[in-house]
Each structure stands twice: as C-alpha cells, then as structure tokens.
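Residue strings, one per chain:
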Amino acid sequence: MTHEHRLRFKTLVMVLLMVVCANLGDLMLKRGMLQIGAVNISAPGIWHALLSTIHNGTIWLGIFFLIGFTLCYMTAVSWADYSYVMPAGAFGYALQTTLAVVVLHEAVNGQRWFGVALIVLGVLLVGQTHPNTTQKKQVAP
Amino acid sequence: MIKVILMLIFFICCSTGGEIAMTYGVKQVGQPERFRPLALLRFIGKAVRSGWVWFALPLMAASFYSLLILLSWAPLSVVIPASAFNYVVGAFGAKYLLKETVTPRRWLGVIFVFVGVLLVIVTG
Numbered sequence: 000m001t002h003e004h005r006l007r008f009k010t011l012v013m014v015l016l017m018v019v020c021a022n023l024g025d026l027m028l029k030r031g032m033l034q035i036g037a038v039n040i041s042a043p044g045i046w047h048a049l050l051s052t053i054h055n056g057t058i059w060l061g062i063f064f065l066i067g068f069t070l071c072y073m074t075a076v077s078w079a080d081y082s083y084v085m086p087a088g089a090f091g092y093a094l095q096t097t098l099a100v101v102v103l104h105e106a107v108n109g110q111r112w113f114g115v116a117l118i119v120l121g122v123l124l125v126g127q128t129h130p131n132t133t134q135k136k137q138v139a140p
Numbered sequence: 000m001i002k003v004i005l006m007l008i009f010f011i012c013c014s015t016g017g018e019i020a021m022t023y024g025v026k027q028v029g030q031p032e033r034f035r036p037l038a039l040l041r042f043i044g045k046a047v048r049s050g051w052v053w054f055a056l057p058l059m060a061a062s063f064y065s066l067l068i069l070l071s072w073a074p075l076s077v078v079i080p081a082s083a084f085n086y087v088v089g090a091f092g093a094k095y096l097l098k099e100t101v102t103p104r105r106w107l108g109v110i111f112v113f114v115g116v117l118l119v120i121v122t123g
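As they're listed, the protein sequences go chains B and Y.
Numbering-wise, the first sequence is residues 0 to 140 according to numbering that gives the first Met the number 0.
Numbering-wise, the second sequence is residues 0 to 123 according to numbering that gives the first Met the number 0.
Derived by calculation from the structure, the hints in this document are not laboratory data.
Certain hints may be false.
What the hints assert, rightly or not - With a Cα cut of at most 27 Å, we get these calculated DSS-like pairs of lysine-lysine:
1. LYS9/B <-> LYS2/Y
2. LYS26/Y <-> LYS9/B
3. LYS9/B <-> LYS94/Y
4. LYS94/Y <-> LYS26/Y
5. LYS9/B <-> LYS45/Y
Unchecked claim - Have a look at the derived ranges for each label pair, beta carbon to beta carbon:
6. LEU37/Y <-> ASN39/B: 39 to 49 Å
7. THR1/B <-> ILE4/Y: 28 to 38 Å
8. LEU37/Y <-> ASN108/B: 30 to 40 Å
9. ARG48/Y <-> GLN110/B: 43 to 53 Å
10. LYS98/Y <-> ALA106/B: 16 to 26 Å
11. ARG35/Y <-> SER41/B: 13 to 23 Å
12. ARG48/Y <-> ALA116/B: 22 to 32 Å
13. HIS4/B <-> ILE110/Y: 38 to 48 Å
14. LEU50/B <-> GLU32/Y: 35 to 45 Å
15. LEU120/B <-> ILE4/Y: 39 to 49 Å
16. PHE8/B <-> LYS2/Y: 41 to 51 Å
17. TRP46/B <-> LEU107/Y: 41 to 51 Å
18. PHE8/B <-> ILE1/Y: 43 to 53 Å
Glycine residues also receive a C-beta, built at the ideal position from the N, C-alpha and C atoms.
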C-alpha cells in the first residue's frame, strides 16, 4: 500500500466514524429538544432551557456521541487538511435527512432532497483532491 | 424564520471559529506517531495542553448551545443541512488563516454545498 493510499484509508476510517457519531449525536439532540420544547429567547427562557438540557438523558447521550465525533475529528485533522476533512464528513447530511424521515417522521420534499444531493456531490468533488496540501512529508503509520 | 436565520449565523460564526482554532492547535501538536489507540490517547493528551484548543472550546460550546436552540425551533432535516454553510466559511478560513491550498475542484465542491444548503433553507 503506497503512502497516499494509507493516508486515504485512515482518513476514510476516521471520516466514517465522524459521520456515525455526528448523525447519532444530532438525532439524540433533536429528540431531547423535542422533549424540552421550543426555547424562548429571554433570560428566564434560556436559563430554563439550560437547566432542562442538563437534566435530559437523551441530550447527554447525544453529547456522548458528539464527543466521539470531536475526538475522531481532532485525530483526522492532525494529518489531513481541514478543508478536506470538514466537507468529506458531509456525507452524513444525506444519512441525517434519511434518519429525520424514518425516525422522526419529518416531511422532506423533492427540493430539499435535491439540496442534500448537491451537498453530497460537493463532498464527492472535495474527496477526490489530495487530503494534505500543507506538508510534503508524513510520518508513516 | 428571521430568528432561525440569525441564530444560524451565530452558530456558523462560533462553530467555524472553533474548528479553525482547534485545527491550528492540533497541527501545532503534530500527528499521532502510530494509528493505534494508545498513540491516539497520547496525541489527545498533548492536544489538550495547547492554548488554541482551549480557545476553541468556548466557541464550540457556544455553537453547541445555539445548535440546541435551533433544533428546538426547526426540523432536523433543515437545521443540520443548513449548518453546512460552515463549509463555505471554512474554505475561506482554511485558505487565508491556515494557509491550506484550496484547489479549483475543492472550490467547486464548496459551491455545490453552498447551493445545496440554500435549497434546503428555502424549503425550511
């Protein structure tokens, strides 16, 4: 396996982990916020929402997954470009929209699906470029 | 709708600022010696001693709380794709702050993401 293949492989593994953790995390957060209700933008409203989120188990489960996402993200950007890792993780948007329909029963029309498809297409374009443009040499894993 | 867009702008500023500071911090630390759990833990231990990582954390906390507020106001299938505006702001940050080379193909990808997000927001 050449150095570039190895770099692509380990970046792909990290990006996949990022997508799984981010999607499950966001799904749990949405579920938690549905339990809490719409936040009122006023000092008491924000304070009440803050206390409610602290006492909500579903929100904490979401935070657990998002910590996993952050650790994968920190590791990935240590060897790959930020402008590569960040959009490559956007594959999750298609998965997230599917989860919103299947799990949360949200209505998603054709135009929104087309928007999500454009996001995924943009991600594909970014993914075909070299992962690192700021370093010439890497330490072999 | 206006309050959703304003909160989205606040969220994007905090999350992109946080991500760029985090990237700058971990790049100063260097990459893990090996792709193994222990080496990854050692790397994370070094990363949390970086000032840039600590600068990034409050921004990421603010972006997290604004995301919760957005999720309480709008559907998941709108909020999460709309947050992809990060990629557009992030591409400029990567080029001008992190000095990364953003190729024409990457710019094209970012434009697709941008148009896709606009379509998602319009339907929200």
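Agreement of LYS9/B and LYS45/Y with the hint, judged by alpha carbon distance not exceeding 27 Å: holds (21 Å)
Next pair to validate is LYS9/B with LYS2/Y; report whether the Cα-Cα distance is within 27 Å. Measuring from Cα to Cα gives roughly 40 Å; hence the hint is violated.
Exercise. Is it true that the C-beta distance of HIS4/B to ILE110/Y lies inside 38 to 48 Å, as the hint says?
Worked result: violated (29 Å)
With 30 to 40 Å as the target window, see if LEU37/Y and ASN108/B comply at their CB atoms.
Between LEU37/Y and ASN108/B, where Cβ atoms are some 48 Å apart, the hint is violated.
Taking the beta carbons of ARG48/Y and ALA116/B, is their distance inside 22 to 32 Å?
Cβ of ARG48/Y to Cβ of ALA116/B: about 42 Å, so the range 22 to 32 Å is violated.
Quiz item: Range hint 39 to 49 Å: satisfied by the CB atoms of LEU120/B and ILE4/Y?
Solution: For ILE4/Y against LEU120/B, whose Cβ atoms are near 25 Å apart, the range 39 to 49 Å is violated.
Distance restraint hint 13 to 23 Å, applied to the beta-carbon atoms of ARG35/Y and SER41/B = violated (50 Å)
Could you say whether the range 35 to 45 Å given as a hint is met by the Cβ separation of LEU50/B and GLU32/Y?
holds (43 Å)
task: Take the C-beta atom of LEU37/Y and the C-beta atom of ASN39/B, compute their distance, and say whether it sits inside 39 to 49 Å.
output: With Cβ atoms ~47 Å apart, the hint holds.
Practice prompt. State, for the Cβ atoms of PHE8/B and ILE1/Y, whether the hinted interval 43 to 53 Å holds or is violated.
Written response: Given about 45 Å between the Cβ atoms, the range holds.
Margin query: Run the distance test for LYS94/Y versus LYS26/Y: straight-line Cα separation, threshold 27 Å.
Written below: holds (15 Å)
Open item on the list: Looking only at beta-carbon atoms, does the pair PHE8/B, LYS2/Y fall within the given range of 41 to 51 Å?
Closed with: holds (44 Å)
Hints 1, 7, 8, 10, 11, 12, 13 and 15, counting from the list given before, are not met by this structure.
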